[in-house]
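A.B. asks: Chains C and A, in that order, are what the protein sequence lines are.
Sequential numbering of the first sequence, starting at 0, is according to numbering that gives the first Met the number 0.
Sequential numbering of the second sequence, starting at 0, is according to numbering that gives the first Met the number 0.
Since the hints were made in silico from the structure, they are not lab data.
Be a bit skeptical, because a hint or two may be false.
Straight-line Cα separation of at most 27 Å, DSS-like style, residue types lysine-lysine; simulated pairs [claimed, not checked]:
| no. | chain 1 | residue 1 | chain 2 | residue 2 |
| --- | --- | --- | --- | --- |
| 1 | C | Lys65 | C | Lys168 |
| 2 | C | Lys123 | C | Lys197 |
| 3 | C | Lys139 | C | Lys192 |
| 4 | A | Lys2 | C | Lys139 |
| 5 | C | Lys141 | C | Lys65 |
| 6 | C | Lys197 | C | Lys65 |
| 7 | C | Lys139 | C | Lys168 |
| 8 | C | Lys168 | C | Lys192 |
| 9 | A | Lys211 | C | Lys141 |
| 10 | C | Lys65 | C | Lys112 |
| 11 | C | Lys123 | A | Lys294 |
| 12 | C | Lys112 | A | Lys211 |
| 13 | C | Lys240 | C | Lys17 |
| 14 | C | Lys139 | C | Lys197 |
| 15 | C | Lys123 | C | Lys112 |
| 16 | C | Lys197 | C | Lys168 |
| 17 | A | Lys2 | C | Lys123 |
| 18 | C | Lys141 | C | Lys123 |
| 19 | C | Lys141 | A | Lys2 |
| 20 | C | Lys139 | A | Lys294 |
Below are the chains, spelled out letter by letter.
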Amino acid sequence: MSAILTVSGVNKSFGGLKALNDVNLQVEEGTIHAIIGPNGAGKSTFLNALIGRLIPDSGTASFMGKSLIGQQPQAINQMGVSRVFQTPEIFGELSLLENVMIPALAHADGAFKANWWTNLRDRKAVREVAERELHDVGLKDKMDVIADNLSRGDKRRLELAMCLSQDPKLLLLDEPTAGMSRADTNEIIEVLKTIHAKGMTKVIIEHDMHVVFSLASRISCMAQGHVIDEGNPDEIRNSAKVREAYLGDEADEH
Amino acid sequence: MRKRDYFMLLIFAAIMITLPMWGPLIDAGYPDIMQRFAVFGLIAVGFNLLFGLTGYLSFGHAAFLGVGSYTAVWCFKLFTMDVIPAIIASTIMGGLVALILGFVALRRSGIYFSILTLAFAQMMYSLAYSVLTPLTNGETGLQLALGDARVIDRAMGVNPESGLPSTSILGFGVSNQGMTGYWICAIVAIVGFYIALRITRSSFGIMLRGIKSNQTRMSYTGLAARPYLITVFVISGMYAGLAGGLLASVDPLAGAERMYWTASGEIVLMTILGGVGTLFGPIMGAGIIKWLEAKLSTFNESVVEQALAFLPDSIEHGAAVVVSKFVGEGWHLSLGIIFMLIVIFLPGGVMEGLQRLAGLFGFGKNKQAGANSTPAE
């Protein structure tokens, strides 16, 4: 096993607030790596620094040997990093099929291709990928629906399908099950487990310990912008530091 | 789906080809107004590729129209009176100017983009009106002259027997023969419509709609929005340049007023009036505005008084005074009222109105066909 993502010494301040304070993290290839921690611990900020949404004040992040810092978001995605956002970022006015075809096209054609003569319907290979991913998340029968009309849970699934259609090497998931019912959450867990069989590396931010302990093989706990502890699920469950900062007695329930 | 697209193209072609037959029924059977339907329909289709698909509202399209016209007239003056090289050159120039503006203005979006295009169009207007007088002949407008070089025509021995030459296409007269001009405009408009249809349905087109819907998602999906925007901006500028070239082909002169910001505004009005983002809407909007312009602006007080003759004398005069403000020079007042009514009650434009009508009469599935067999011009 080798590290696909290596982050070291990343700092980011907003005014006087130190949102990221010397963050060090290694993600092994092919694992599901969970990041847990209380609200405001800097988890989402950390992901934002990885995908080019914000530039850290200092530190390095290298993905498969290439630096992510200072790259354009589209360049980072083209390197094989996809992200599911906390609030689903989808194309609300387009149909589900179109929603998934856009990322699939980006994967097939690159950041820009003025392919203005070929009918979208003739891109059969891309369409097949899109339909397969919609099927995997259970939205195939709704593929002609306009995305804005979906429920919140379905929007999350749609965004997941959009990311999966790019066959990313690293998938970043920011609370993929927030606001979902237990049944829907379990379904997402199943989807994530299925795609995990394909060997895709995932970093998942999650508050729901049920999800974390069902999926993750490695867990980092963040608090106040810093990684306070890291280990396998059992180690984290029994870590005194993590219990104090975040889990409390919740870990015993799982 | 694709069958439906060919069906739409067929309907549009049929409308353009049969226009000379049913045009007289709406008092629009003469070449001048039919040419304007075709040319402004074309520019609206190109404008809609930008505004309808990406949501970027340009207030600078009249600048490309003007550049196209000047280019075409210079082509006539310097090389040949044949319209084919002229409209090719004006299309290219429209695209080039759009590339320059797009490179600058597309760094911003929303209202800032609109203001940048508006400022650019006003700069182009003032360049044409005064600064570049040697190129544009300023206020008078660029016209043909007896002493023009016309190197290709002279080399080939084509010369008018007397007076100014008229434009031609492969030896057939254009600007002195009404209907030839219309047929050129109509054919170009049909081809332009076909290309716009292809672009809208292409994988390039879906990217543009993605940009309109969620630009954040676009960039985190690995797509560079700016090259897409610049490409479609250039395409839409080429449509406008081509339209300007056609205007100059049927009437070989070019004036700065064609680039004034109200001319850009008119293109925006056409698109919104007809229905943003629909394929037929902008063409219908162009037809409606050009028809109203031709009709309302020619009415004067005596026409209004005649029309109101059924009223009792005591109110007739007062009513005529009020109504006459909305015709003739003041026809823009009527346009403004119509525009406001459409935007308030039919935000989807005339197309939405037609679809609602079609739904009312129960052509749910066939609404496109039902909508467009109604001559909106």
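A.B. asks: Are the hints correct? Go through all of them and say.
C.D. replies: So, going through the hints one by one against the coordinates:
1. Lys65/C x Lys168/C: holds, 13 Å
2. Lys123/C x Lys197/C: Roughly 23 Å separates the two Cα atoms, so the pair holds.
3. Lys139/C x Lys192/C: holds, 19 Å
4. Lys2/A x Lys139/C: holds, 24 Å
5. Lys141/C x Lys65/C: violated, 39 Å
6. Lys197/C x Lys65/C: Judged against 27 Å, a Cα distance of about 23 Å means the pair holds.
7. Lys139/C x Lys168/C: holds, 24 Å
8. Lys168/C x Lys192/C: Given pair Lys168/C, Lys192/C holds - Cα atoms ~16 Å apart, limit 27 Å.
9. Lys211/A x Lys141/C: holds, 22 Å
10. Lys65/C x Lys112/C: holds, 24 Å
11. Lys123/C x Lys294/A: violated, 50 Å
12. Lys112/C x Lys211/A: Holds, at roughly 17 Å.
13. Lys240/C x Lys17/C: holds, 20 Å
14. Lys139/C x Lys197/C: Roughly 21 Å between the alpha carbons, so the hint for Lys139/C and Lys197/C holds.
15. Lys123/C x Lys112/C: Satisfied, since the Cα-Cα distance of roughly 17 Å is no more than 27 Å.
16. Lys197/C x Lys168/C: With Cα atoms ~10 Å apart, Lys197/C and Lys168/C stay inside 27 Å; holds.
17. Lys2/A x Lys123/C: Distance of about 18 Å is within 27 Å: holds.
18. Lys141/C x Lys123/C: Measuring from Cα to Cα gives roughly 19 Å; hence the hint holds.
19. Lys141/C x Lys2/A: OK: Lys141/C and Lys2/A at ~23 Å, within 27 Å.
20. Lys139/C x Lys294/A: violated, 53 Å
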